[in-house]
Structure formats: C-alpha cells, structure tokens
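The listed protein sequences correspond, in order, to chains A and B.
Sequential numbering from 6 applies to the first sequence in the numbering used here.
Sequential numbering from 3 applies to the second sequence in the numbering used here.
Honestly, I wouldn't trust all of these hints.
[Claimed, not checked] So these bits of chain A aren't anywhere near chain B, every CB distance computed over 12 Å:
1. 73
2. 112
3. 341
[Unchecked claim] Under the rule of at most 30 Å between Cα atoms (straight-line distance), these lysine-lysine pairs were calculated in the DSSO-like manner:
4. 252/B / 330/A
5. 330/A / 250/A
6. 250/A / 296/A
7. 143/B / 330/A
8. 296/A / 272/A
9. 244/A / 296/A
10. 252/B / 210/B
11. 143/B / 296/A
12. 244/A / 106/A
13. 330/A / 141/B
14. 210/B / 247/B
15. 143/B / 210/B
[To be verified] So the derived list for chain A, only partly shown, Cβ under 10 Å to chain B, looks like this:
16. 170
17. 171
18. 327
19. 352
Quick caveat, the hints were computed from the structure, so don't treat them as lab data.
Idealized CB from N, CA, C, for every residue including glycine.
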Amino acid sequence: MSVQSTTGDTPAATPLEVPAGQRQPDAGAATAPDPAQARRVVAVLAVLSLGALWLQHHLGFDFKDLGIVALTGAVWGGIGQLANLFDEQSGIGKLAENIFKAPLRAGLLFLAQPIALYCLAGLLALMMTTLSSVTIRSDVPGEHATISLATLDEPGSPETQTMRADQPVVHFRPVLTSPFGRLYQLDAEGYVPAQLTVFPFVGRQVLLGRDLVPSPSVLFRPFAEGIAALEDGAVFSVKRVRGGKEEQLIAESDSGSASAFLLGRPKPISDAMMMFWNLEATASQAPDAIKARLVMLWRSPHQLPMQGELAPHDCLVAEIRLHDKLKARAVALLGDESFADVLMQDVDTARVKGPSC
Amino acid sequence: MLTRVVAVAGILVAGAGRTMAQVPSTVSVRAELATPKFRDRFTNRPAVETKIATLFADYLTREIGFLRFAVNDTTRPYRLSFVLDHEPGNTTAFAEVGFWVRLDRPGENQVSAYWLPFRTADQSIAGVGSETDLLTEVKTKLAHQAADSLSSGVLRWVPIAETGVPSLDPLGVVLPFRLIDLCMKNESIIQFIAEIPRTAVTMEEPFKARIVGSAAATEPFFGGAFGQVIELAQPDVLSPSINAKTARVKQIFVTNYRHDVTACENRAPRAIGGGAP
C-alpha cells in the first residue's frame with residue numbers, strides 16, 4: 006500500500022503524524038524516526054497501563070467489563086482486517102482510520118509531549134498516593150450487616166453501606182489517604198469495631214470474622230425466681246460497667262412472658278450446652294417437669310435490640326426487678342469467646358451487693 | 003350411764019328457753035406472704051394479706067364452730083397466722099410452698115404446723131398472677147381442704163371457755179355454750195382443766211370428756227353442752243372435789259371436734275369469702 010500526497014510532496018515516512026497546530030518538522034528530519042518521541046510514547050503507555058492497573062485494583066475486576074473491552078478490540082481489529090482484505094481505502098478503512106486510529110493516534114501524540122506526559126504522570130502519582138479503597142467481605146455466606154467507615158481525624162458522619170446476600174462484597178471508594186496511610190474506624194454490625202490504616206496503592210481488604218472480631222453474644226438465663234418474676238411483669242435490664250461508669254444497654258419491661266435473653270447475634274445452641282443446663286437444673290433439685298420447661302425456655306431466647314456492640318472485656322450486669330425489688334442478677338465479664346452463657350441466680354434481697362466488675 | 007344421760011337430757015326442756023350470754027373465744031386471724039416470690043409481687047401487700055386473712059376467717063367460721071374468728075384483731079390474746087412459705091431450711095429454688103399455720107398464745111410457746119399445700123415443686127417457676135388470681139387460687143384450695151387437722155391440731159390449744167360447771171352425777175362438766183352455738187355434735191371430745199384444792203396446794207388437773215348432750219337445769223348455763231368425763235385417772239380426785247364444791251373449771255379445750263354442719267348452716271357463711279358469721 007502506498008500513500009500519495011495531494012500536494013505532491015513526499016509523504017512522511019513515520020507512521021506518527023504531527024497533529025495540527027504544531028510546527029511541521031523539516032523534510033530532512035521527518036524522514037528519520039524521533040527516538041525521544043517514541044520513548045515518550047512508550048512512557049505514556051506505561052503510565053496509562055500503571056494507571057489502569059491501579060484503577061482495576063481499586064475498582065475491582067468484572068468479567069462483564071472484560072467482555073466489553075474484548076468486544077471493542079475485536080470490532081476494531083475486525084474492521085481493519087476487513088479493510089485490508091478488500092483493499093478498502095475509502096469505505097471501511099477510512100471509517101476505521103477516522104473513528105479509531107486517528108483520534109487514538111492524536112491523543113497518544115498529545116500525551117507524548119513532554120509537558121503532557123509529566124502532567125499525566127504527576128496527576129497519576131498524586132491520585133495513587135491520595136486515593137485508595139477499602140473492600141470488605143465476610144467469611145459467613147449470606148451475611149447481612151450494615152458497615153460504616155469513618156475517618157478518625159475529621160469529624161463527620163461515616164459513610165455507610167449494607168452487605169447483603171446479593172452484594173457480598175462492599176467497596177468504599179474513593180477513600181482519601183496519604184502516602185503514609187490514614188486511620189479509619191470500621192464498624193460492622195455484629196463485629197467489634199476496629200481501627201485500621203488505609204494505605205495508598207494497595208488499599209485495604211477486610212474479611213469480617215478474621216480482621217474484625219465477631220462481637221460476643223451473651224445469653225442470660227433466668228432461674229426459678231427470675232422466671233416467675235418475669236411472668237408477673239418484671240423488668241429485665243442490662244448495664245455495662247466500664248471504668249467504674251455504668252451504661253444502660255437494655256431495659257426490657259413488662260414482657261408478660263418469661264424467657265431467656267440474648268444480646269448480640271444469634272449463635273447456635275449446642276447439645277452440650279443443653280446437657281449442661283439440664284445438669285444445672287438437676288443440681289438445684291428441679292423436678293423433671295421443671296427441668297424440661299427450663300431447657301425449652303432457655304433454648305428459645307428473646308433477642309433484644311441493643312445500641313452498639315459488645316466487646317471482649319466488657320462487664321455486664323443483668324438484673325430482673327419486680328416492683329423495683331431485685332429478683333435475679335448476673336455479672337458477666339466477657340472474654341475472648343464469641344458466646345457467653347450466663348445463668349442469672351435468684352437473689353435474696355437482703356444479700357444484694359453492688360456490681361463486682 | 004345411759005339412764006343418767008337421759009335424765010340430764012330430760013331436764014333440758016325446762017331451761018331451753020333461757021338464753022346464754024357466753025360466747026366462745028375469738029381468735030385473731032392474719033395471713034402473711036413470706037416467700038419472696040409472693041411477698042414482692044404486690045405493691046399493696048398488706049391489703050392482699052388482709053383479703054387472704056378474710057378468706058381464712060370465713061373458712062374457719064364455716065368449718066369450725068367452737069371458736070369465733072376475727073381478721074387482724076390484735077387485741078385478741080390468741081392469734082392465728084397463716085404464713086405462705088416453703089419448708090424452713092429448704093434452700094432449693096424448687097421447693098413446695100404452702101400455708102403454715104401458727105398459733106400465738108399468751109405466755110406460751112407458739113404452736114405451728116404445715117397445713118395447706120399451695121404450690122407444688124412442679125409449679126415453682128410459675129408466676130404469682132394478679133391479686134384476683136391469687137385470691138381465687140386460695141379459695142379453690144380452701145374449698146377442697148378439710149379443717150380436721152386444724153381443729154385437732156393448733157386450735158386444740160385455744161380454750162373455748164374459761165369457766166364451766168362441774169357435775170358430779172353424771173361426772174362431767176357443763177359448758178357455757180349450747181351445742182348449736184358450737185356447731186358441735188355429740189361424741190366430740192373436750193378437755194377441761196379443773197382447779198382442785200388439795201391439802202396444801204391447789205392443783206390443776208386435766209380431764210377428758212365426751213360431749214353426750216346438753217344440761218338443762220344447770221345454773222347458770224341452762225342448755226349448755228355437757229361433757230361426760232372419760233378415761234378418768236385413778237385415784238379419782240375430781241369427784242370428791244366436786245362433792246365438796248371446791249372444784250373449779252378453769253379452761254375448756256376442744257380436742258376432737260365433730261362438726262354439726264346442719265346446726266351451723268344458718269350461722270356460717272354459705273360461700274367462702276361471703277356472708278357474715
């Protein structure tokens with residue numbers, strides 16, 4: 006294939022044409038390739054590739070996106086091949102030249118200019134060092150949790166997203182950071198809040214259950230006096246003692262029916278637990294009918310809504326009061342276990358003491 | 003023996019029309035919710051206890067005629083308490099709860115006994131319920147409970163009278179009440195304490211007597227129930243003393259009560275918790 010100039014001049018030997026508005030190089034120089042420009046083009050492609058990889062890392066990779074890119078490339082290549090096959094210069098070939106090749110060539114040559122290249126590289130470096138992302142997954146299939154991310158160095162409302170069965174991965178992006186990282190607090194429903202540093206380039210990937218400790222769940226099991234009091238409309242309350250200060254967590258009043266109480270996420274109750282409960286009741290000389298009822302009642306706890314999450318080393322004081330008289334009480338110091346099973350002992354009012362956390 | 007009883011009974015007709023001013027002793031009745039579950043259930047616990055005591059007083063009035071019962075009358079020397087509690091010393095959470103009956107006597111030790119089971123161990127984790135629920139439950143329990151153990155138990159220590167007329171022939175004592183006033187049938191057993199002066203001291207001797215009828219012509223208790231002495235210990239110190247008119251009946255107790263339901267039908271409340279004695 007030969008290209009003939011309309012002006013009668015010798016056509017440029019280089020495939021890269023000078024865009025309009027730029028100085029036309031002299032004929033002697035035009036015949037020789039510009040190695041600096043070629044290197045800059047390579048540099049532009051490298052910068053663009055790096056940027057694409059960075060974006061792909063933070064935006065994620067979807068097969069549907071890959072399909073679009075592949076389809077576009079196939080169409081483009083196919084058009085060029087068709088043009089070559091039919092030796093088409095004015096129809097399909099011209100269309101491909103005008104729509105695809107020329108703008109791309111022009112853009113590439115523009116970016117290959119030193120100033121544009123430096124600006125592009127600088128802008129990319131700035132973005133890569135200040136923008137990042139946080140990706141959150143769960144090790145529990147079908148997890149449903151509200152997740153919020155908030156910076157610790159600026160006041161303001163946290164960004165909140167919801168993890169659902171149809172959206173098992175939650176992305177927070179862009180996340181502002183610095184070259185040395187930035188501290189954020191991650192709150193996930195059912196997990197102990199954690200502080201994490203979000204670094205540039207790589208971002209942060211969090212796996213709930215591994216990187217965030219599941220919040221402990223506590224099962225409070227009232228005993229004889231407590232159950233009877235609850236049937237008579239007693240009030241069940243839980244307060245957390247931290248540093249000598251008490252924080253009311255729950256005040257469930259007048260349920261009208263006796264039950265055990267669960268704070269936190271539901272956890273499976275094993276046969277071993279129920280066997281232990283049965284032994285507990287037996288040791289207290291409970292008749293068989295009572296033992297059966299106790300175990301059934303404890304096995305179906307009433308889950309109480311609670312603000313915030315429990316955390317290891319929390320000290321909880323649970324009480325059942327009837328007409329402000331203490332009927333049952335339990336003090337639970339949470340450890341590292343994810344499920345605490347606490348029996349609320351009946352209380353002789355005369356022997357009541359303060360919390361022993 | 004039978005001839006004497008018939009003779010005494012024959013005399014009854016003459017004095018039957020005369021009234022007797024004597025009234026059996028009155029016992030104060032109170033109730034107490036002692037177990038924490040019942041004690042702390044009601045903010046107006048004294049009022050609830052009073053209502054329960056009223057149920058017991060009505061029940062006793064209907065079932066036991068030889069005493070009178072008043073609710074929370076602290077002026078009475080003899081006080082009967084119905085305490086809802088578990089067995090003393092039982093520290094398990096699943097103990098049976100019932101009414102313990104306790105008699106406070108002036109100058110004497112308390113007498114107490116477990117009388118009315120209320121909640122079994124199988125019901126130990128059930129709530130108390132409302133005030134109405136509790137009163138209904140008490141009524142139901144009382145409706146199916148006999149008072150025999152009470153009359154022959156703690157109430158045998160309450161003297162129904164502090165006077166009586168000793169009789170030599172037949173040997174016995176005339177009570178200051180008619181049988182109908184005591185809702186008492188013949189064959190009931192009483193015990194009376196008689197003061198019998200001896201040479202140097204005055205002795206108080208207990209004698210057991212069986213109610214066999216009524217004495218018509220015995221001053222001042224015309225128509226009073228007559229108890230004939232049984233199981234008289236030898237030597238007989240009572241007869242000589244009566245003969246010498248030195249014996250004095252000091253106290254009379256009912257130890258084995260035979261209830262005459264018909265006699266008291268018009269006096270006792272027809273239903274627990276209702277009517278007036």
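For each hint, the structure was consulted:
1. The claim that residue 73/A lies off the interface holds: its Cβ sits roughly 66 Å from the closest Cβ of chain B, which is beyond the 12 Å cut-off.
2. The Cβ of residue 112/A sits about 80 Å from the closest Cβ of chain B, beyond the 12 Å cut-off, so the non-interface label holds.
3. Every C-beta of chain B lies more than 12 Å from that of residue 341/A, the closest at about 32 Å, which supports listing it as non-interface.
4. With a C-alpha separation of about 50 Å, the suggested pairing of residue 252/B with residue 330/A is violated against the 30 Å cut-off.
5. Between residue 330/A and residue 250/A, the direct Cα distance comes to roughly 22 Å. Compliance with the 30 Å bound is thereby established for this hinted pair.
6. Taking the CA atoms of residue 250/A and residue 296/A, the gap is about 37 Å. The hint is violated against a cut of 30 Å.
7. Under the criterion of a C-alpha separation no larger than 30 Å, the hint pairing residue 143/B with residue 330/A is consistent with the structure, at around 28 Å.
8. A hinted pair counts as satisfied when its Cα atoms are at most 30 Å apart, and residue 296/A with residue 272/A qualifies at roughly 22 Å.
9. Of the pairs offered as hints, the one joining residue 244/A and residue 296/A holds, with about 29 Å between alpha carbons and a cut-off of 30 Å not exceeded.
10. Using a Cα cut-off of 30 Å, the hinted pair residue 252/B and residue 210/B holds, with the two alpha carbons roughly 14 Å apart.
11. A C-alpha spacing of about 26 Å is found between residue 143/B and residue 296/A, which places the hinted pair at or below 30 Å, so the restraint holds.
12. For a cut-off of 30 Å, the pair hint linking residue 244/A to residue 106/A is broken: about 70 Å separates their Cα positions.
13. Distance check on the hinted pair: residue 330/A and residue 141/B sit about 28 Å apart at the alpha-carbon level, within 30 Å; holds.
14. Proposed proximity of residue 210/B and residue 247/B is supported: the alpha carbons are some 20 Å apart, at most 30 Å.
15. For the given pair, residue 143/B sits about 33 Å from residue 210/B by alpha-carbon distance, which is inconsistent with the 30 Å threshold.
16. Below 10 Å, beta-carbon pairs count as interface contacts, and residue 170/A has none with chain B, the closest being about 40 Å; its hint is therefore violated.
17. A cut of 10 Å between beta carbons decides the hint on residue 171/A: the least distance to chain B is about 45 Å, and the hint is violated.
18. The interface hint given for residue 327/A holds, since its Cβ lies 5 Å from the closest Cβ of chain B, which is under the 10 Å cut-off.
19. Here the hint on residue 352/A is kept, as its CB sits about 9 Å from the closest CB of chain B, short of 10 Å.
Violated hints, listed in ascending order, are 4, 6, 12, 15, 16, 17; each of the other numbered hints is respected by the structure.
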